[in-house]
Amino acid sequence: MYPCIEMRSLLFLLSTFVLIGQAQHESRFVLLSANLPRGLVASQGAWTPSATDISKAENGIAQIATLPANYARVHIDHPEGYFRQYVPIRQAGRKLLYVNAFCEAPSYWRTQLVIVSDGGTCFWQALYDPATDKYSNLTVNGRA
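Numbering (this note's numbering), first residue to last: 12 to 155.
It is worth saying that the hints were derived from the structure and are not from the lab.
On a predicted model such as this, the values are computed, not experimentally measured, just so you know.
Heads up, some of the hints might be wrong.
[What the hints assert, rightly or not] Calculated pairs, DSS-like style, for lysine-lysine (alpha carbon to alpha carbon, straight line, at most 27 angstroms):
1. Lys145 / Lys106
2. Lys67 / Lys145
3. Lys106 / Lys67
Could you build the full structure based on these sequences and the hints that come with them?
Quick look at the structure:
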């Protein structure tokens with residue numbers, strides 16, 4: 012009925028995905044597939060997050076600084092300064108993003124999950140719930 016409006020909507024959607032793809036390439040985050048190693052985090056399947064889900068997760072990353080960690084005296088001051096991998100998982104019927112963060116990125120970080128046993132505050136993990144726009148379950152790696 013109004014072809015120029017439909018075309019504008021299409022162009023907006025395309026530019027949004029291009030910008031997000033470009034932002035992922037230039038920024039400190041990446042969306043990975045849901046192939047988590049067994050036992051890393053409980054998951055009952057995967058889902059496909061929207062660009063809005065990822066954007067909300069990125070915009071809310073400062074919440075991490077307010078969360079209590081698994082070690083009472085550990086605190087993440089500037090979570091936005093970490094490299095972040097988002098992995099979509101399902102837990103108890105909820106669609107969540109598993110967030111894996113680290114201060115120095117290995118060359119493979121955009122394609123493979125970075126797993127480190129120690130490292131202290133240089134490595135942390137959390138869950139993000141797009142439905143509530145909240146982070147939870149902050150876990151910081153121990154020190155060797």
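To see whether the hints hold, each was checked on the structure:
Between the alpha carbons of Lys145 and Lys106 the distance comes to roughly 12 angstroms, so the proposed pair stays at or under 27 angstroms and holds. For a cut-off of 27 angstroms, the pair hint linking Lys67 to Lys145 stands: about 10 angstroms separates their Cα positions. Note on Lys106 and Lys67: the hinted pairing holds, with a Cα-Cα distance of about 14 angstroms set against a maximum of 27 angstroms.
No hint from the list above goes unmet by this structure.
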